[in-house]
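Those protein sequence lines, which keep their order, are chains A and B.
When we follow our numbering, the leftmost residue of the first sequence carries the number 1, and every step to the right adds one.
When we follow our numbering, the leftmost residue of the second sequence carries the number 1, and every step to the right adds one.
Rather than coming from a laboratory, the hints here were simulated on the basis of the structure.
Glycine is no exception: its CB is placed at the ideal position from the N, C-alpha and C atoms.
Fair warning: there could be bad hints in the mix.
The calculated DSBU-like cross-link candidates involving lysine-lysine, where the alpha carbons are at most 35 Å apart (straight line), are [what the hints assert, rightly or not]: (1) A:Lys215 to A:Lys201; (2) B:Lys237 to A:Lys237; (3) B:Lys81 to B:Lys237; (4) A:Lys141 to B:Lys237; (5) B:Lys141 to B:Lys108; (6) A:Lys108 to B:Lys201; (7) B:Lys141 to A:Lys215; (8) B:Lys215 to B:Lys237; (9) A:Lys215 to B:Lys108; (10) B:Lys108 to B:Lys237; (11) A:Lys81 to A:Lys237; (12) B:Lys201 to B:Lys215; (13) A:Lys141 to B:Lys117; (14) B:Lys207 to B:Lys237; (15) B:Lys215 to A:Lys141; (16) B:Lys81 to A:Lys237; (17) A:Lys81 to A:Lys141; (18) B:Lys108 to A:Lys237; (19) B:Lys237 to B:Lys117; (20) A:Lys215 to A:Lys237; (21) B:Lys141 to B:Lys117; (22) B:Lys81 to B:Lys117; (23) B:Lys141 to A:Lys108; (24) B:Lys141 to B:Lys81.
Looking from chain A toward chain B, a few residues come up when the C-beta cut is under 7 Å (computed) [what the hints assert, rightly or not]: (25) Gly107; (26) Val307; (27) Val308.
Computed far set for chain A versus chain B, every beta-carbon distance over 12 Å [as the list claims (entries may be wrong)]: (28) Gln3; (29) Thr12; (30) Lys108; (31) Met121; (32) Asp204; (33) Arg241; (34) Leu242; (35) Thr243; (36) Arg262; (37) Gly299; (38) Arg333.
Below, each chain spelled out in residue letters.
2 protein chains.
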Amino acid sequence: MPQTTPTWIYRTRPTGPITGETFSLEDTPLPEPAEGEVEVATRYLSLDATNRVWLTEGALYTDNVQIGGPMRGVLLGEVTKSRHPQFPEGTHLSGIGPWAARFVTDGKGFAPFPLPKGADMAEAFAILSVAGPTAHLGLLKIGGLQAGEVVSISGAAGSVGIMAGQIARAHGAHPIGIAGTDEKCAALVDHYGYAAAINYKTEDVAKALRAHAPKGIDLHFENVGGPVLDAALANMKDFARLTICGLISAYNATDPVPGPYRFGEIVNRRLTIRGFIILDHLADFPAITQDLARWMADGTLRMPTHVVDGLDKAPEALNLLFEGANTGKLLVRL
Amino acid sequence: MPQTTPTWIYRTRPTGPITGETFSLEDTPLPEPAEGEVEVATRYLSLDATNRVWLTEGALYTDNVQIGGPMRGVLLGEVTKSRHPQFPEGTHLSGIGPWAARFVTDGKGFAPFPLPKGADMAEAFAILSVAGPTAHLGLLKIGGLQAGEVVSISGAAGSVGIMAGQIARAHGAHPIGIAGTDEKCAALVDHYGYAAAINYKTEDVAKALRAHAPKGIDLHFENVGGPVLDAALANMKDFARLTICGLISAYNATDPVPGPYRFGEIVNRRLTIRGFIILDHLADFPAITQDLARWMADGTLRMPTHVVDGLDKAPEALNLLFEGANTGKLLVRL
């Protein structure tokens with residue numbers, strides 16, 4: 001009798017938040033690895049806002065998720081059977097794979113996970129897999145952040161924002177975070193490198209940015225979109241830059257989301273806006289991983305993790321991202 | 001008794017289109033030029049969408065127009081009295097000056113107007129003063145247009161759009177224009193370099209762009225904003241660029257204008273969006289003027305002019321821009 005493994009199958013396209021209809025947890029066949037393949041046991045799933053984008057119809061940058069196929073995401077796994085010379089049994093791999101307890105792969109799209117000495121596995125995965133490279137690329141390569149500059153960061157208490165504050169500070173810049181609770185704001189300033197933090201639910205963000213950055217913002221790093229982006233647009237310096245990493249406020253929307261309303265500032269302030277996706281920059285990952293591992297080792301970089309146990313909890317855990325319910329990196333542990 | 005000269009004075013900030021209350025035509029003193037000054041008789045006023053932006057409250061890139069002061073704009077004038085060695089009587093000057101029949105200036109911000117041999121004065125002014133440099137800068141320096149690329153241009157029948165189509169074609173690119181009547185669209189293709197033109201009032205612009213550029217758009221040159229910009233955003237290639245020259249659809253708006261709605265394409269398609277203002281690039285003008293004059297001489301570059309006679313008609317003529325009532329360059333002749 002062939003082996004099976006529990007796998008989340010994408011069944012119904014959501015029109016808003018993910019529901020009980022979106023996925024179904026099914027037993028799918030788990031073949032024996034052929035020559036050149038490995039069997040991997042999933043240890044952690046990384047939950048990222050972009051997972052929701054992959055469920056959207058239309059032209060997207062990845063076609064990883066098809067109705068009837070397995071839901072996919074970045075994961076950390078361990079090789080349990082190997083017929084692949086580069087990935088012996090016991091190797092930890094990370095890459096984009098199925099939301100499944102086990103799976104068989106030829107290893108394409110996976111790389112050995114570089115666990116830094118003495119590091120916590122979950123924290124290292126949370127930093128090195130998605131959030132750290134995203135913040136590093138977005139601030140430095142895409143955003144061109146310079147020492148001494150003022151950088152505002154939305155979604156600051158999310159995993160990318162937590163990385164961005166610390167990386168910006170390590171780079172000699174002045175990061176201002178925007179988040180949704182006073183507790184998150186306090187943590188950003190106390191623990192995660194932020195020079196100041198603004199609660200967008202209780203403060204006038206445009207006014208608060210003006211107070212914290214009276215000469216204006218050099219770089220805005222956007223993870224959210226909507227009114228927060230407009231508040232930033234109202235406070236940019238002439239010739240300033242905006243890096244658009246994500247627009248989480250729009251991902252669950254059923255209707256087109258209007259805005260930004262202050263688009264005219266692009267001309268008035270001669271702004272440059274750039275969107276980016278880390279998958280385009282995989283060649284930069286070795287150098288970025290080196291930076292991140294060094295900063296982890298010397299204590300510059302820390303990531304709080306929010307770990308949900310059980311593959312069966314993955315879909316409802318993904319919704320936490322859109323409710324702003326997590327601080328730091330959301331992971332599912334298997 | 002001191003001489004006076006009719007001058008448009010900015011009186012009341014408009015909340016929508018310019019009205020009869022916005023300006024008043026008043027006789028203002030015209031002093032004798034002092035040493036180092038000249039008296040200039042205005043020959044042509046250039047009417048540009050940015051004139052309306054200068055009337056808007058708030059932080060803007062120029063503070064040229066103050067309530068109680070003269071309305072200003074780009075103009076072509078002739079020196080009628082000179083106590084300035086560089087500008088003898090009879091010199092034609094262009095630069096930003098008051099909407100007045102005559103004025104006295106020390107010449108700062110003005111340069112001798114380089115009328116190419118055999119050129120029509122109005123057409124040369126229309127090409128060289130604002131529209132030609134704007135299109136040249138926006139397409140080439142800011143937009144990085146390359147031969148063989150597809151470039152979509154909104155406001156294509158406006159003065160900048162007319163220049164942009166011809167410059168793009170001369171550069172070996174494939175320009176697609178978007179304008180508001182079938183007559184304008186026909187003229188764009190027949191006379192002004194466009195490979196294709198789309199009537200945004202009768203066609204589905206997104207669908208028409210897809211038909212004219214099935215592989216996507218490399219560069220979008222935006223003069224309008226609103227739904228046309230969204231249609232372009234839906235059709236960009238990965239890693240494509242957008243140059244934002246102006247957003248005329250928003251300038252007369254009394255409420256914040258929502259959109260673009262497809263802002264998420266910035267991430268999905270990894271777009272770069274840049275706003276620019278030609279006043280930041282004055283150092284490039286000599287080289288640009290050389291290009292434009294050469295193209296005028298060899299017949300590559302032509303500009304239809306829409307000339308309104310009489311200083312007293314200037315405010316109502318400015319409104320024509322926002323009604324899409326002009327093809328090519330709108331000028332007031334004195």
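Right, here's what the structure says about each hint:
no., hint, result
1, A:Lys215 to A:Lys201, "holds (24 Å)"
2, B:Lys237 to A:Lys237, "holds (29 Å)"
3, B:Lys81 to B:Lys237, "violated (56 Å)"
4, A:Lys141 to B:Lys237, "holds (21 Å)"
5, B:Lys141 to B:Lys108, "holds (26 Å)"
6, A:Lys108 to B:Lys201, "violated (49 Å)"
7, B:Lys141 to A:Lys215, "holds (28 Å)"
8, B:Lys215 to B:Lys237, "holds (7 Å)"
9, A:Lys215 to B:Lys108, "holds (29 Å)"
10, B:Lys108 to B:Lys237, "violated (44 Å)"
11, A:Lys81 to A:Lys237, "violated (56 Å)"
12, B:Lys201 to B:Lys215, "holds (24 Å)"
13, A:Lys141 to B:Lys117, "violated (48 Å)"
14, B:Lys207 to B:Lys237, "holds (15 Å)"
15, B:Lys215 to A:Lys141, "holds (28 Å)"
16, B:Lys81 to A:Lys237, "violated (42 Å)"
17, A:Lys81 to A:Lys141, "violated (39 Å)"
18, B:Lys108 to A:Lys237, "holds (27 Å)"
19, B:Lys237 to B:Lys117, "violated (42 Å)"
20, A:Lys215 to A:Lys237, "holds (7 Å)"
21, B:Lys141 to B:Lys117, "holds (27 Å)"
22, B:Lys81 to B:Lys117, "holds (25 Å)"
23, B:Lys141 to A:Lys108, "violated (41 Å)"
24, B:Lys141 to B:Lys81, "violated (39 Å)"
25, Gly107, "violated (27 Å)"
26, Val307, "violated (27 Å)"
27, Val308, "violated (26 Å)"
28, Gln3, "holds (38 Å)"
29, Thr12, "holds (22 Å)"
30, Lys108, "holds (22 Å)"
31, Met121, "holds (30 Å)"
32, Asp204, "holds (16 Å)"
33, Arg241, "violated (10 Å)"
34, Leu242, "violated (9 Å)"
35, Thr243, "violated (10 Å)"
36, Arg262, "violated (7 Å)"
37, Gly299, "holds (32 Å)"
38, Arg333, "holds (29 Å)"
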